[in-house]
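Sequence lines, in order, name chains A and B.
Under my numbering, the first residue of the first sequence carries the number 1, and numbering increases by one thereafter.
Under my numbering, the first residue of the second sequence carries the number 222, and numbering increases by one thereafter.
What the hints contain is simulated information worked out from the structure, not anything from laboratory work.
Take these hints with a grain of salt, some might be off.
Result set (SDA-like, lysine to any residue): computed pairs, CA atoms no more than 25 Å apart in a straight line [said to hold, decoys possible]:
#, chain 1, residue 1, chain 2, residue 2
1, B, LYS405, A, LEU164
2, A, LYS52, B, GLY314
3, B, LYS273, A, ASP177
4, A, LYS218, A, ILE70
5, B, LYS273, B, LEU374
6, A, LYS71, B, LEU385
7, A, LYS71, B, ALA329
8, A, LYS71, B, GLU406
9, A, LYS182, B, GLU247
10, A, LYS138, B, GLY315
11, A, LYS71, B, ASP384
12, B, LYS405, A, ILE70
13, A, LYS202, B, LEU394
14, B, LYS403, A, LEU74
15, A, LYS71, B, LEU378
16, A, LYS58, A, SER29
17, A, LYS202, A, PRO192
18, A, LYS202, B, PHE397
19, B, LYS423, A, ASP179
20, B, LYS273, A, ALA194
21, B, LYS403, A, ALA82
22, B, LYS403, B, ASP392
23, B, LYS292, B, ASP337
24, A, LYS58, A, ASP177
25, A, LYS184, B, GLY315
26, B, LYS292, A, LEU164
27, A, LYS52, B, LYS273
28, B, LYS403, A, THR172
29, A, LYS71, B, ARG407
30, B, LYS423, A, SER72
31, B, LYS403, A, PRO192
32, B, LYS292, A, LEU153
33, A, LYS202, B, ASP371
34, B, LYS292, A, ALA194
Label pairs and their calculated CB-CB ranges [stated by the list, open to error]:
#, chain 1, residue 1, chain 2, residue 2, range
35, B, GLY425, A, ASP18, 45 to 51 Å
36, B, ASP302, A, ASP179, 17 to 23 Å
37, A, ASP179, B, GLU426, 21 to 27 Å
38, A, LYS62, B, GLY314, 39 to 45 Å
39, B, LEU394, A, ARG189, 31 to 37 Å
40, A, GLY93, B, ASP302, 38 to 44 Å
Where a beta carbon is used, it is the ideal one built from N, C-alpha and C, also for glycine.
In case you want the letters, here they are:
Protein chains: 2
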Amino acid sequence: MGEVRVIEIKESVFADNDREAAAIRERMSRQGTLFLNVMSSPGSGKTTFLTKLIPMLKGEMKIGEMDVDIKSSLDAVRVADATGVESMQIHNGGLCHIDADMTARALAEYSTEGLDLLILENIGNLVCPAEFDTGAHKNVVLFSVPEGDDKPLKYPLMFTVADLVLISKIDTLPVFDFDVEKAKERILRLNPDAQILLVSAKTGEGMDDVCDWIRTEKSRI
Amino acid sequence: MGEVRVIEIKESVFADNDREAAAIRERMSRQGTLFLNVMSSPGSGKTTFLTKLIPMLKGEMKIGEMDVDIKSSLDAVRVADATGVESMQIHNGGLCHIDADMTARALAEYSTEGLDLLILENIGNLVCPAEFDTGAHKNVVLFSVPEGDDKPLKYPLMFTVADLVLISKIDTLPVFDFDVEKAKERILRLNPDAQILLVSAKTGEGMDDVCDWIRTEKSRI
Numbered sequence: 001m002g003e004v005r006v007i008e009i010k011e012s013v014f015a016d017n018d019r020e021a022a023a024i025r026e027r028m029s030r031q032g033t034l035f036l037n038v039m040s041s042p043g044s045g046k047t048t049f050l051t052k053l054i055p056m057l058k059g060e061m062k063i064g065e066m067d068v069d070i071k072s073s074l075d076a077v078r079v080a081d082a083t084g085v086e087s088m089q090i091h092n093g094g095l096c097h098i099d100a101d102m103t104a105r106a107l108a109e110y111s112t113e114g115l116d117l118l119i120l121e122n123i124g125n126l127v128c129p130a131e132f133d134t135g136a137h138k139n140v141v142l143f144s145v146p147e148g149d150d151k152p153l154k155y156p157l158m159f160t161v162a163d164l165v166l167i168s169k170i171d172t173l174p175v176f177d178f179d180v181e182k183a184k185e186r187i188l189r190l191n192p193d194a195q196i197l198l199v200s201a202k203t204g205e206g207m208d209d210v211c212d213w214i215r216t217e218k219s220r221i
Numbered sequence: 222m223g224e225v226r227v228i229e230i231k232e233s234v235f236a237d238n239d240r241e242a243a244a245i246r247e248r249m250s251r252q253g254t255l256f257l258n259v260m261s262s263p264g265s266g267k268t269t270f271l272t273k274l275i276p277m278l279k280g281e282m283k284i285g286e287m288d289v290d291i292k293s294s295l296d297a298v299r300v301a302d303a304t305g306v307e308s309m310q311i312h313n314g315g316l317c318h319i320d321a322d323m324t325a326r327a328l329a330e331y332s333t334e335g336l337d338l339l340i341l342e343n344i345g346n347l348v349c350p351a352e353f354d355t356g357a358h359k360n361v362v363l364f365s366v367p368e369g370d371d372k373p374l375k376y377p378l379m380f381t382v383a384d385l386v387l388i389s390k391i392d393t394l395p396v397f398d399f400d401v402e403k404a405k406e407r408i409l410r411l412n413p414d415a416q417i418l419l420v421s422a423k424t425g426e427g428m429d430d431v432c433d434w435i436r437t438e439k440s441r442i
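Between the sequences and the hints, there should be enough to build the whole structure, so can you do that?
So, in structure tokens, the structure goes:
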């Protein structure tokens, strides 16, 4: 079982989010830590996805995880229990996002030196988190089949800032009216550079492709 | 096919949200319009639910609908097309919520005189909309099975402000690990007065109970 620490972060003190984010990114690059910001709607399966992904990479990478929630620590505990990695729960006091300064304050309490991969599980929300650069190298957006293929049309900024979009819970495609090709088209119209992968944390489908994407991005920092 | 109008509302000018909300509620009560604020995560099925609910009540009530989105008009068009009611699309300029002043400004452009029921489909988000009284008589929260039964623990304010929680997409219960009893317990621990109903807009299960709840609330204003 991994460790979970909890930090309460209520409000930002720095106004210059982009400068703060760039400083975090530079520090992470310097120490060789690929930093990923994982975003999605509530209930799209971020935590389950991470509990499956981390064990697939643990043998080759030292991994840390930070989890943002309003006040529960459920997700950090789930990740730590399932994967054995050290996990930090950030309580953001009811805000709908985390910004670079809040990330920096969490990082001040969490030793990332020596990590190959640091994953931030952002708060479940398709609006606010997209507006704040957290200092991560890449933004990963989970977009689950039950949510419907119209979500890129309705939450365009989230899909515009995504580097990797994971169409998730694809094991449930037979149950829902979800047109994968339409979903892909809608994402690529907003963001022609987005990578799109189809995954199911439940069946494991597509998870190897995510690991390959992470290895490639790690080699590039 | 119903009509859809679009209004762009960018920021609030009144600070006193609660006073503004009370004024809206009083006006709606005076004119005999039950005003419902429907909230949920993105993709939990609010629009589909409304396209099924409204036709069940249209014969006995005059109904209006207002839909909030960042910039698309998809939902208002879907509701108007499927139900024939007049629907207004409110574009909130990228905010994660709608407050009482924004609602009042939308109402200034939308004639609600003579309506028995006015439904506001809020923006898909489990955090921000819970913080703002819109002036509705009752808050209805959709909570869909694919999102997982832990959502009340993670987004407590939303379930605390709910008058009616609809556990939705119950036709998908066989596909997901969702414990209905646990979900109910978690909601009631936060909010012992919450009504909870199980529904599937797809199969129609539970929809009659929602109509009955609306009839009762209408008789109380």
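We went through each hint and held it up to the structure:
With a C-alpha separation of about 35 Å, the suggested pairing of B/LYS405 with A/LEU164 is violated against the 25 Å cut-off. Under the criterion of a C-alpha separation no larger than 25 Å, the hint pairing A/LYS52 with B/GLY314 is inconsistent with the structure, at around 37 Å. A C-alpha spacing of about 16 Å is found between B/LYS273 and A/ASP177, which places the hinted pair at or below 25 Å, so the restraint holds. Of the supplied pair hints, the one linking A/LYS218 and A/ILE70 is violated, its CA atoms being roughly 30 Å apart against a limit of 25 Å.
At roughly 29 Å between alpha-carbon atoms, B/LYS273 and B/LEU374 are farther apart than 25 Å, so this suggested pair is violated. Between A/LYS71 and B/LEU385, the direct Cα distance comes to roughly 23 Å. Compliance with the 25 Å bound is thereby established for this hinted pair. Between A/LYS71 and B/ALA329 the CA atoms are separated by roughly 38 Å; this puts the pair beyond 25 Å, and the hint is violated. At most 25 Å may separate the alpha-carbon atoms for a hinted pair to count; A/LYS71 and B/GLU406 meet this at roughly 19 Å.
The suggested pairing of A/LYS182 with B/GLU247 is violated, with an alpha-carbon distance near 44 Å, which exceeds 25 Å. Between A/LYS138 and B/GLY315 the alpha-carbon distance is near 22 Å, which keeps this suggested pair within the 25 Å criterion. Note on A/LYS71 and B/ASP384: the hinted pairing holds, with a Cα-Cα distance of about 22 Å set against a maximum of 25 Å. Between B/LYS405 and A/ILE70 the CA atoms are separated by roughly 21 Å; this keeps the pair inside 25 Å, and the hint holds.
At most 25 Å may separate the alpha-carbon atoms for a hinted pair to count; A/LYS202 and B/LEU394 meet this at roughly 16 Å. With a C-alpha separation of about 15 Å, the suggested pair B/LYS403 and A/LEU74 falls inside the 25 Å cut-off, and the hint holds. Taken as a hint, the A/LYS71 and B/LEU378 pair is honoured in the structure, with Cα atoms around 11 Å apart against an allowance of 25 Å. With a C-alpha separation of about 20 Å, the suggested pairing of A/LYS58 with A/SER29 holds against the 25 Å cut-off.
Restraint check for A/LYS202 and A/PRO192: the C-alpha separation of about 29 Å exceeds 25 Å, so the hint is violated. Distance restraint check for A/LYS202 and B/PHE397: the Cα-Cα separation of roughly 10 Å lies within the 25 Å cut-off, and the hinted pair is therefore satisfied. Among the hinted pairs, B/LYS423 with A/ASP179 is consistent with the structure: their alpha-carbon atoms are about 18 Å apart, no more than 25 Å. Among the hinted pairs, B/LYS273 with A/ALA194 is inconsistent with the structure: their alpha-carbon atoms are about 35 Å apart, more than 25 Å.
Annotation: proposed proximity of B/LYS403 to A/ALA82 holds, straight-line Cα distance about 22 Å (limit 25 Å). This hinted pair checks out: B/LYS403 and B/ASP392 have alpha carbons roughly 18 Å apart, not beyond 25 Å. Annotation: proposed proximity of B/LYS292 to B/ASP337 is violated, straight-line Cα distance about 28 Å (limit 25 Å). At most 25 Å may separate the alpha-carbon atoms for a hinted pair to count; A/LYS58 and A/ASP177 exceed this at roughly 36 Å.
Distance restraint check for A/LYS184 and B/GLY315: the Cα-Cα separation of roughly 23 Å lies within the 25 Å cut-off, and the hinted pair is therefore satisfied. Of the pairs offered as hints, the one joining B/LYS292 and A/LEU164 holds, with about 23 Å between alpha carbons and a cut-off of 25 Å not exceeded. Proximity of A/LYS52 to B/LYS273 is assessed by CA-CA distance (about 37 Å); at most 25 Å being required, the pair is judged violated. Distance restraint check for B/LYS403 and A/THR172: the Cα-Cα separation of roughly 23 Å lies within the 25 Å cut-off, and the hinted pair is therefore satisfied.
In summary, the hint linking A/LYS71 to B/ARG407 is supported, as the alpha carbons are separated by about 15 Å, within the 25 Å threshold. Distance restraint check for B/LYS423 and A/SER72: the Cα-Cα separation of roughly 32 Å exceeds the 25 Å cut-off, and the hinted pair is therefore not satisfied. Only pairs whose Cα atoms come within 25 Å are accepted, and B/LYS403 paired with A/PRO192 is rejected, the gap being roughly 42 Å. Proposed proximity of B/LYS292 and A/LEU153 is supported: the alpha carbons are some 9 Å apart, at most 25 Å.
Of the pairs offered as hints, the one joining A/LYS202 and B/ASP371 holds, with about 18 Å between alpha carbons and a cut-off of 25 Å not exceeded. Distance hint between B/LYS292 and A/ALA194 is fulfilled; the C-alpha atoms sit about 21 Å from each other, no more than 25 Å. At roughly 50 Å, the beta carbons of B/GLY425 and A/ASP18 sit within the given window of 45 to 51 Å. As the Cβ distance of B/ASP302 to A/ASP179 is approximately 19 Å, the hint placing it in 17 to 23 Å holds.
About 25 Å separates the C-beta atoms of A/ASP179 and B/GLU426, a value consistent with the hinted range of 21 to 27 Å. Between A/LYS62 and B/GLY314 the C-beta distance comes to about 43 Å, which sits within the given range of 39 to 45 Å. A C-beta distance of roughly 35 Å is found between B/LEU394 and A/ARG189, which places it inside the suggested range of 31 to 37 Å. The beta-carbon spacing between A/GLY93 and B/ASP302, approximately 41 Å, falls within the hinted interval of 38 to 44 Å.
Checked against the numbered hints listed earlier, the structure breaks hints 1, 2, 4, 5, 7, 9, 17, 20, 23, 24, 27, 30 and 31; every other hint is satisfied.
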